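Heads up: the sequence lines are chains A and B, in that order.
Under the UniProt record's numbering, the final residue of the first sequence carries the number 802; numbering is consecutive throughout.
Under the UniProt record's numbering, the final residue of the second sequence carries the number 802; numbering is consecutive throughout.
To be clear, the hints were calculated from the coordinates, so they are not data collected in a lab.
It is possible that some hints are incorrect.
It does not matter which identical chain is used: a pair holds within one copy or between any two.
The list that follows gives simulated cross-link-like pairs (lysine-lysine, DSS-like), each with its CA atoms no further than 25 Å apart [what the hints assert, rightly or not]:
#, residue 1, residue 2
1, 389, 18
2, 619, 715
3, 444, 705
4, 785, 254
5, 619, 683
6, 630, 444
7, 316, 705
8, 501, 254
9, 630, 501
10, 254, 630
11, 716, 683
12, 17, 554
13, 444, 343
This one's a predicted model, so the numbers in the text were calculated from it and none came from an experiment.
Take a look at the letters that make up each chain.
Protein chains: 2
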Amino acid sequence: MKINQFAIAPMTLADEKKELLAIHFISQADLQLTSHRFLHRLLQQSFPEVTSTEAADGKLANLLAAQQLDARSLTEISADIQPLHILNLYLQLLGFEAGQDFQLDAPEKMAANVNLPKFDHDSLNNADLLHAWYQLLITHTTTGQTFLDQLASRGYYHRLQASVKLPQPLFFNGKAQPVFDTTQLIHEVVYVESSQDSDHDGLLDLLKVEITRPAESNLQPVPVLYTASPYNQGTNDAAGDALTHNVNVPLTEKPVTASTLSDTSKQPVQLPDPRVVNGHTDQADEIFGNSFDYSLNDYFLARGFAVVYAAGIGTKESDGLRTTGDPEETTSTIAIIEWLNGKRTAFTNRTANIAIDANWSNHHVAMTGRSYLGTLATAAATTGVDGLKTIICEAGISSWYDYYRENGLVIAPGGFPGEDADVLAEETFSRQQQAGDYSRVEQKWQRQLAAIKTGQDRDTGNYNDFWDVRNYRKNAKNIKADVMIVHGLNDWNVKPRNAEKLWRAISGLPINHKIILHQGPHIYINNFRSLDFTDMVNLWLSHELYDLDNHAEKILPDVLIQNNTQIESWQAYPDWGATSNPTAHYNLTTKGLSTETTSQETVQFDDQLDDSNFQQYAKNNAQWQQDLVKSQSPLAGHRQIFQAPAQTDTLVIDGCAKLHLSVASNQPIGLISTELVDLGSFKRLNPLPTTLARQAMVLGYHYRKEDLREFQLAKKATPYQLISKAHMNLQNRTSLTQVDTVKPGVTYPITLELQPTHYQLTAGHQLALIVYATDFGMTVRGNQKITYTLSLANSWLELPHL
Amino acid sequence: MKINQFAIAPMTLADEKKELLAIHFISQADLQLTSHRFLHRLLQQSFPEVTSTEAADGKLANLLAAQQLDARSLTEISADIQPLHILNLYLQLLGFEAGQDFQLDAPEKMAANVNLPKFDHDSLNNADLLHAWYQLLITHTTTGQTFLDQLASRGYYHRLQASVKLPQPLFFNGKAQPVFDTTQLIHEVVYVESSQDSDHDGLLDLLKVEITRPAESNLQPVPVLYTASPYNQGTNDAAGDALTHNVNVPLTEKPVTASTLSDTSKQPVQLPDPRVVNGHTDQADEIFGNSFDYSLNDYFLARGFAVVYAAGIGTKESDGLRTTGDPEETTSTIAIIEWLNGKRTAFTNRTANIAIDANWSNHHVAMTGRSYLGTLATAAATTGVDGLKTIICEAGISSWYDYYRENGLVIAPGGFPGEDADVLAEETFSRQQQAGDYSRVEQKWQRQLAAIKTGQDRDTGNYNDFWDVRNYRKNAKNIKADVMIVHGLNDWNVKPRNAEKLWRAISGLPINHKIILHQGPHIYINNFRSLDFTDMVNLWLSHELYDLDNHAEKILPDVLIQNNTQIESWQAYPDWGATSNPTAHYNLTTKGLSTETTSQETVQFDDQLDDSNFQQYAKNNAQWQQDLVKSQSPLAGHRQIFQAPAQTDTLVIDGCAKLHLSVASNQPIGLISTELVDLGSFKRLNPLPTTLARQAMVLGYHYRKEDLREFQLAKKATPYQLISKAHMNLQNRTSLTQVDTVKPGVTYPITLELQPTHYQLTAGHQLALIVYATDFGMTVRGNQKITYTLSLANSWLELPHL
């Protein structure tokens with residue numbers, strides 16, 4: 001078990017002492033004790049469950065400082081306290097089992113896997129012990145949290161606060177501590193009046209906001225974690241399924257155009273006047289019970305942060321209509337921040353017009369959440385709205401075109417063929433769940449849905465005005481908030497391009513920005529055992545929202561990437577996909593990918609399958625993906641595979657590969673798909689993390705719990721792993737916004753930029769490029785009789801690497 | 001969606017009114033309102049989130065009483081309030097979506113699926129509305145709990161208790177309400193001194209107990225849910241795996257004996273004196289943080305019950321040694337009850353000998369939990385210990401022989417080949433996790449493990465003294481506690497025989513007993529949407545532990561069985577597997593199972609497989625099971641399948657099928673296995689329930705949550721389903737405790753009693769009996785050259801049915 005910690009703030013011994021005194025882990029008097037009595041004190045403090053010394057001694061007797069020497073005895077004998085003793089106790093306190101996870105005669109061997117203190121002399125004194133215990137408190141246990149966080153969950157602060165008034169917030173090693181009373185959280189609802197009338201009912205939209213905050217915020221304002229989640233008030237899954245588009249439709253020829261964008265600017269909209277405020281109150285009118293929970297948010301509630309969820313326009317108990325990511329939705333997203341920042345009106349309910357201020361907010365807001373939630377965090381940041389100090393954007397969309405389209409093609413998010421902007425709008429239009437409300441807005445909603453359907457234009461897949469206003473990156477220059485991006489390198493739902501292009505767009509801005517890339521698909525990572533992600537976010541937010549000078553911006557690596565070749569391995573890098581990366585040049589040849597030879601031949605593949613294979617793959621996309629890579633499969637003749645020789649040493653691909661092809665279609669239409677894969681029978685990381693221990697992470701004393709998870713190596717070897725992919729409509733070969741004619745039989749040069757990645761191809765693995773047309777998981781599936789011809793002489797792959 | 005409720009207590013209108021007044025849902029003054037204003041009041045009370053009438057009116061406007069008529073308008077117009085209006089509102093309040101789940105013009109059609117009030121006149125008055133709302137409150141929502149429980153989770157009692165002092169406990173419709181403050185739960189640890197010294201250290205064993213109880217129990221004692229869980233303090237999974245026995249070993253001939261039991265009675269043991277009590281206190285010395293949670297227990301914490309977990313002898317921070325179910329473990333299990341009942345000493349810690357009483361306990365204890373936990377509940381009940389009022393035994397073992405053995409064979413629990421009593425002892429000996437404690441007890445433990453290994457006697461599989469003392473049913477007559485059994489009819493871990501034989505053993509006792517049989521394997525069922533299991537337990541425990549005269553014993557069906565042929569279907573029966581059931585007689589013939597003809601032929605099968613098949617099945621038990629049933633498979637010739645004609649109408653198998661065989665082995669050893677299966681390509685229930693909605697069941701206001709689950713029909717047809725099975729060592733053909741010689745070539749009559757079941761075989765399905773030897777999932781796998789010969793003339797199947 002290897003535990004990687006990146007959020008440890010370096011401290012001097014003097015500061016370590018100061019902080020241990022501040023959390024009352026030691027007292028000044030303790031420092032005067034003999035080292036044996038001081039050790040006893042430190043050990044006793046490590047069992048916050050017990051109050052009496054007798055009870056503590058029972059616990060101490062169950063720890064071994066060495067073979068035949070338990071901790072209690074160690075504190076009672078006169079012999080020296082040795083590094084070995086302390087390391088053994090340290091590891092046991094962290095949850096490692098003597099004899100199983102480590103050996104009592106060589107605990108120092110664990111230094112490669114866990115943060116251990118170093119000692120340069122044999123007989124340890126109080127300063128050594130103090131340093132060791134400070135390190136112990138900030139080191140991760142075997143259950144994914146620091147020992148101090150674990151002590152808190154075992155009652156440390158709970159017991160302490162019965163007799164001592166601790167500062168709130170309280171920071172230790174730069175991170176906010178769980179000293180706020182989670183049993184007395186306040187849950188309240190307000191309705192923010194936005195500056196929009198998206199349902200055109202003559203009234204500004206009211207937006208429901210669910211607030212959870214420590215009761216202590218009544219005395220002193222706290223910062224806010226705000227999660228904008230359109231799913232938060234429920235979803236219309238059946239209605240969404242019903243709207244899902246048939247993807248077994250042909251690719252059609254689309255009209256030629258020099259630009260898919262129009263240059264008409266939108267008319268300014270006349271807005272209704274704000275409601276007349278009938279009065280002010282400090283007292284909310286509404287509470288709420290069950291709600292969407294993100295355990296990372298819950299973790300911060302115990303640490304002096306408020307948590308706010310809002311679902312936005314068109315959701316249950318809010319006004320307005322869903323738009324799937326247009327500027328209206330951004331407006332509704334930032335309205336909440338404006339209220340939290342004291343610059344907008346909210347009401348206690350939807351009718352009485354009694355205003356209520358967020359006077360419990362310190363006006364510092366961070367946005368959190370994954371997927372659509374992270375998307376709206378990005379959208380909000382690109383407005384430069386005041387009060388938004390940082391966003392933690394997990395698996396967010398930075399341009400909706402990159403979610404539902406690619407290079408002039410309709411390209412589904414992985415796992416959701418036939419989904420589109422209209423489907424998602426319908427799914428999230430939770431006003432529909434309330435028959436009374438829906439009956440009043442149904443006609444407008446059907447018109448809106450029709451407009452989205454028209455705007456998204458599945459017929460062409462073009463990057464038109466509809467998509468252009470949903471490209472947040474156009475406004476990246478407005479971003480003032482610091483940005484932390486988290487994305488899965490194997491996320492085929494929100495593809496990595498969304499993260500990479502945002503990362504590039506903000507790289508030159510005068511803000512702090514960090515990115516964490518993991519090996520998962522579309523998941524949260526705050527419950528991994530091998531990474532102190534939660535601590536990293538704590539360090540970051542303590543800095544961003546409490547203005548704590550903890551050097552988070554320097555301590556946290558700018559780029560942190562999980563290794564794909566081994567478990568529990570995370571590495572810091574200066575950049576991801578830097579444009580200055582060298583590139584390897586692989587020619588496409590009849591003998592595979594080659595850095596040396598070229599081929600002058602042409603090769604062909606035909607897209608049409610016999611009906612039974614087609615039907616099977618249409619039902620079972622996973623089977624299609626497997627067969628696509630297999631050399632012998634029903635897809636032979638329907639794709640071209642170019643294999644490189646097996647690697648003799650490690651190649652670290654970093655950034656966006658580019659595929660240059662010379663290609664002809666025998667029809668006036670055509671699409672090209674490509675996959676870059678890692679071939680070879682090896683045990684790779686599982687696609688999803690394994691739950692190691694249910695409910696093992698405890699976020700506070702008898703507070704919220706979380707499963708502990710980790711990527712593990714597959715028990716069986718797999719034949720390949722997908723590295724990256726890309727798709728292009730041949731009519732869009734010139735540019736994204738230009739549509740050309742495809743003349744049957746004419747060979748065109750095209751360039752596909754594959755999804756960005758960071759992938760270690762180790763010795764023995766074999767790189768392969770597959771060129772094909774219909775992608776059963778993502779493109780339309782016309783099963784048309786189209787033959788593609790590749791001229792190999794002018795076809796090559798450019799591979800950026802470290 | 002069909003919701004089955006069995007815990008609804010029938011009420012008179014007068015009682016309904018009384019209870020609605022008692023929970024302040026209505027006031028006496030409300031009853032004087034006009035029906036329209038009374039309806040407004042009832043509706044407003046249905047939105048506990050809001051305080052003001054303005055805010056409530058906003059919510060009301062979102063409900064439709066009819067097309068074009070929202071609830072708010074209904075309360076303001078003069079037209080009659082009609083049944084249609086109320087049913088529409090009722091269904092929407094329960095979470096059903098108008099237009100989707102039901103139609104606004106015909107809500108009464110939902111009466112088949114959900115508890116709806118009936119009205120015999122058109123214009124509803126206050127009495128009608130009162131009755132409707134009472135029924136609404138006790139009816140299940142779409143998220144698996146009563147509407148009143150949902151209101152509680154939305155803040156109903158939380159808000160009410162800010163101004164009104166409610167009685168604690170408070171009952172509604174016979175069930176305890178969540179009116180205890182879950183934010184102020186007390187968590188404490190005590191050490192009960194047991195009347196045993198199972199680790200022979202000269203001191204009576206101290207047993208760690210973790211108590212969670214409402215703070216209100218300091219004022220008035222509360223009853224206790226006690227879960228004895230050997231897993232509760234951690235498990236040694238790796239060490240257990242290391243001990244797991246190789247099952248690829250031959251079946252061997254065992255010595256002939258007239259009885260596998262000895263008649264030597266055990267010597268009485270000389271026990272150490274109890275510790276001298278140094279003092280008494282009311283104040284616990286130790287708290288605890290994270291702990292094992294069973295959400296059913298948590299549900300009751302909010303309702304005025306304490307919850308106690310203890311792991312027993314040999315677990316972390318307790319004394320003693322693990323035994324896997326012997327009387328020592330039972331003694332340690334009931335020691336906790338004796339303390340809770342005021343009849344035993346506990347100490348605040350392990351050293352100071354300061355006694356602490358459970359003066360917060362009302363001396364009424366129920367035991368809960370599944371698997372080993374339910375097993376220990378059964379063990380405790382068979383002692384007749386005072387204070388134990390009832391056990392809710394979920395998937396419990398009633399005789400350990402039935403868990404690890406069968407008819408003279410080692411038979412693994414499904415999914416755990418090679419596990420045995422010693423493996424489980426090692427896994428649960430969590431004292432091992434503390435190096436200091438373990439170093440002092442290691443030698444004794446290794447001796448104990450060796451003794452268990454000898455005692456369990458894998459070499460013979462005999463029912464010997466070791467197993468006899470682990471057969472709780474021998475003491476069933478001592479049971480004084482009422483018993484509720486819950487078991488999965490597809491539980492191949494703790495097999496249904498454990499439930500059925502316990503059920504039979506207690507049937508004649510002067511206690512109340514109930515049994516619930518579901519279609520799952522080894523799972524909990526308190527989060528099913530289709531069944532009000534939690535309410536049933538609430539009704540039961542309010543009666544058992546609070547002595548509430550709610551007629552639980554009459555209201556709850558004695559036998560409740562989930563239907564295997566359709567989703568969401570539960571039916572009450574007078575008994576399960578009654579000995580008076582008629583039986584069908586099927587002859588084994590060369591043409592299959594026949595009720596009409598017989599065969600005089602013999603048929604054979606050979607147990608030995610070629611090595612590659614053997615290796616594959618040994619690694620992949622699921623593949624073996626599939627191939628066993630398939631007519632064409634590598635197992636042809638290695639088993640005999642007897643198919644009955646397809647059913648022309650439904651046959652309800654109920655109880656234990658018996659297979660009478662005349663069988664010869666060509667070796668001096670032999671084992672016979674049999675499976676009864678349901679053949680035919682049909683969509684059957686999935687083996688496991690599906691999670692319908694994560695964290696959708698909320699057990700109190702911002703308290704514990706639970707996923708909502710339900711069995712669904714498989715999306716694809718499956719070729720068969722296992723109904724039951726059995727195994728026998730031919731040396732045990734005479735009786736369980738007699739071992740005979742098997743003479744090669746001699747035909748012996750044997751009778752196998754299959755696991756009990758309740759199974760509906762509907763038209764088109766085909767019953768099949770498979771006779772074979774090695775069971776790759778359960779028996780040893782010797783792959784020996786043994787040929788079995790069945791004489792069909794004297795072979796038949798007896799099938800009990802309704």
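We went through each hint and held it up to the structure:
With identical chains, the CA atoms of residue 389 and residue 18 are never at most 25 Å apart, being 29 Å at best within one copy and 55 Å at best between copies. In the homo-oligomer, the alpha carbons of residue 619 and residue 715 lie at most 25 Å apart only across protomers (13 Å), although the nearest pairing inside one protomer, at 28 Å, exceeds that limit. For the homomeric pair residue 444 and residue 705, neither the shortest alpha-carbon distance inside one copy (43 Å) nor that between copies (37 Å) is at most 25 Å. In this assembly of identical chains, the alpha carbons of residue 785 and residue 254 lie at most 25 Å apart only when taken from the same copy (18 Å versus 71 Å across copies).
Proximity of residue 619 to residue 683 under the C-alpha cut-off of 25 Å is restricted to the inter-copy arrangement: shortest distance 18 Å between copies versus 28 Å within a copy. Taking the shortest Cα distances, residue 630 and residue 444 never come within 25 Å of each other, neither inside one copy (50 Å) nor across copies (57 Å). Taking CA atoms no more than 25 Å apart as the test, residue 316 paired with residue 705 passes between copies only; the shortest distance there is 22 Å, against 28 Å inside one copy. Taking the closest pair of Cα atoms, residue 501 and residue 254 never come within 25 Å of each other, the shortest separation being 28 Å inside a single copy and 73 Å across copies.
In this assembly of identical chains, the alpha carbons of residue 630 and residue 501 never lie at most 25 Å apart, being 32 Å within a copy and 54 Å across copies at closest. For the homomeric pair residue 254 and residue 630, neither the shortest alpha-carbon distance inside one copy (34 Å) nor that between copies (53 Å) is at most 25 Å. Taking the shortest Cα distances, residue 716 and residue 683 sit within 25 Å of each other inside one copy (6 Å), while across copies they are farther apart (31 Å). Within a single copy, residue 17 and residue 554 get their C-alpha atoms as close as 23 Å, which meets the 25 Å cut-off; across copies the closest is 67 Å, which misses it.
Proximity of residue 444 to residue 343 under the C-alpha cut-off of 25 Å is found in neither arrangement, the shortest distances being 30 Å within a copy and 71 Å between copies.
The earlier numbered hints that this structure contradicts are 1, 3, 6, 8, 9, 10 and 13.
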